[in-house]
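Peer 1: The chain contents come next:
Number of protein chains: 2
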Amino acid sequence: MTMEFATRHRSRSYIPAEPGKPYFIEKGMGDRAHLFGDLFTVYAGGEQTENTFNFFTCEGAKGDLIPAHSHPGTYEVFYITAGAVRLFVEDTAGEQYEKLLTPGDFGFVPKNCPHAYRIERHGSQIVGVAAGPGGTFERFFENLGAPTEELGLPRHPVVPEPHKFGTVPQRYDVRFLPGHQWRTGS
Amino acid sequence: MTMEFATRHRSRSYIPAEPGKPYFIEKGMGDRAHLFGDLFTVYAGGEQTENTFNFFTCEGAKGDLIPAHSHPGTYEVFYITAGAVRLFVEDTAGEQYEKLLTPGDFGFVPKNCPHAYRIERHGSQIVGVAAGPGGTFERFFENLGAPTEELGLPRHPVVPEPHKFGTVPQRYDVRFLPGHQWRTGS
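Line order of the protein sequences matches chains X and F.
Position one of the first sequence corresponds to residue 0 (numbering that gives the first Met the number 0), numbered consecutively onward.
Position one of the second sequence corresponds to residue 0 (numbering that gives the first Met the number 0), numbered consecutively onward.
A couple of the hints might just be wrong.
What the hints assert, rightly or not - Derived pair list, reagent style BS3-like, types lysine-lysine, alpha-carbon separation capped at 30 Å:
| no. | chain 1 | residue 1 | chain 2 | residue 2 |
| --- | --- | --- | --- | --- |
| 1 | F | Lys26 | X | Lys61 |
| 2 | F | Lys163 | X | Lys110 |
| 3 | F | Lys20 | F | Lys61 |
| 4 | F | Lys61 | X | Lys20 |
| 5 | F | Lys61 | X | Lys110 |
Calculated from the structure, these hints are not laboratory results.
Turn these sequences into a full structure, and let the hints steer you where they fit.
Peer 2: What follows is the structure, given as structure tokens:
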């Protein structure tokens, strides 16, 4: 069974509106959002897990480094299932690390650690979990960007209206770090 | 950087002993355990996330249905990255569902829902997250089964000593359901 539901996030979703129900979602059919050049697909969120964790994927074209940011109360997993993704992380003492991750590789970003990534091959996919004691933040992508019914990458980059940067990131525990420099060399 | 650490779970682990440190783990190199015919690999656990979530993989040979069980306080994700896995779930009203999951497919098992799975192709891999308000249970596998330094499936099934069934599952929020019947037909 894969059933469709109307939820507070989507008129048609494969995530049940009421928690406590088992469900299955076929590849790519989670709640989708476009943000800049990337496609984010949510398969489970705080409503399903009593706010303990979420589960989503991120796909994007080979491209630029995304803006450095941190999460004051959120831990984040980067697990690569396709392609190649270079992950940049700074620990709370200011030491910086980077690593090229390929399928099966894992990166862990604790709360308060500045981080960024760069997709280095077309067709890359990241599996993500982003959660902490304060909750989960899977709806950040569609609130800063835009929900979509499409299945692929955005045909044109979805650039948020400037006013959104003043309100949306804070609501989802995201702190952008303008001017942050990566000194790791790549 | 991939660095090795001594932790309370392993003399050599790629998961840092102290929380709050960023880290990377290459494919297959998480904390490994054998249980029956399966290999479980932990990449992050409660110590890394203030007990909000974990992240692990499960690999196994094509085989039998694992024993039906449920988790009174734990939600569980099944995300398939290789092969084919048939997931069986019963909701709290007693309705049963099953679905064959292939790479990119997702299954969600809420707390208290009886479930089981059967690996239907050699080389299958499940990515799992299992957590709830009460914590995470990633060390169940090595406590019921056995930690291993090996990289592949167990050469011989690791069958727990009978006395372990009386103590280990309870500690990790696992309730086996002997005699449970799947009426879904596969």
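Peer 1: State for each hint whether it applies.
Peer 2: Here is how each hint holds up against the structure:
1. The hinted pair formed by Lys26(F) and Lys61(X) meets the criterion: a straight-line CA distance of about 22 Å does not exceed 30 Å.
2. About 36 Å separates the Cα atoms of Lys163(F) and Lys110(X), which puts this hinted pair outside 30 Å; it is violated.
3. Among the hinted pairs, Lys20(F) with Lys61(F) is inconsistent with the structure: their alpha-carbon atoms are about 37 Å apart, more than 30 Å.
4. Between the alpha carbons of Lys61(F) and Lys20(X) the distance comes to roughly 28 Å, so the proposed pair stays at or under 30 Å and holds.
5. Simply put, Lys61(F) and Lys110(X) have alpha-carbon atoms about 39 Å apart, too far for the 30 Å limit, and the pair is violated.
In summary, the numbered hints that this structure violates are 2, 3, 5.
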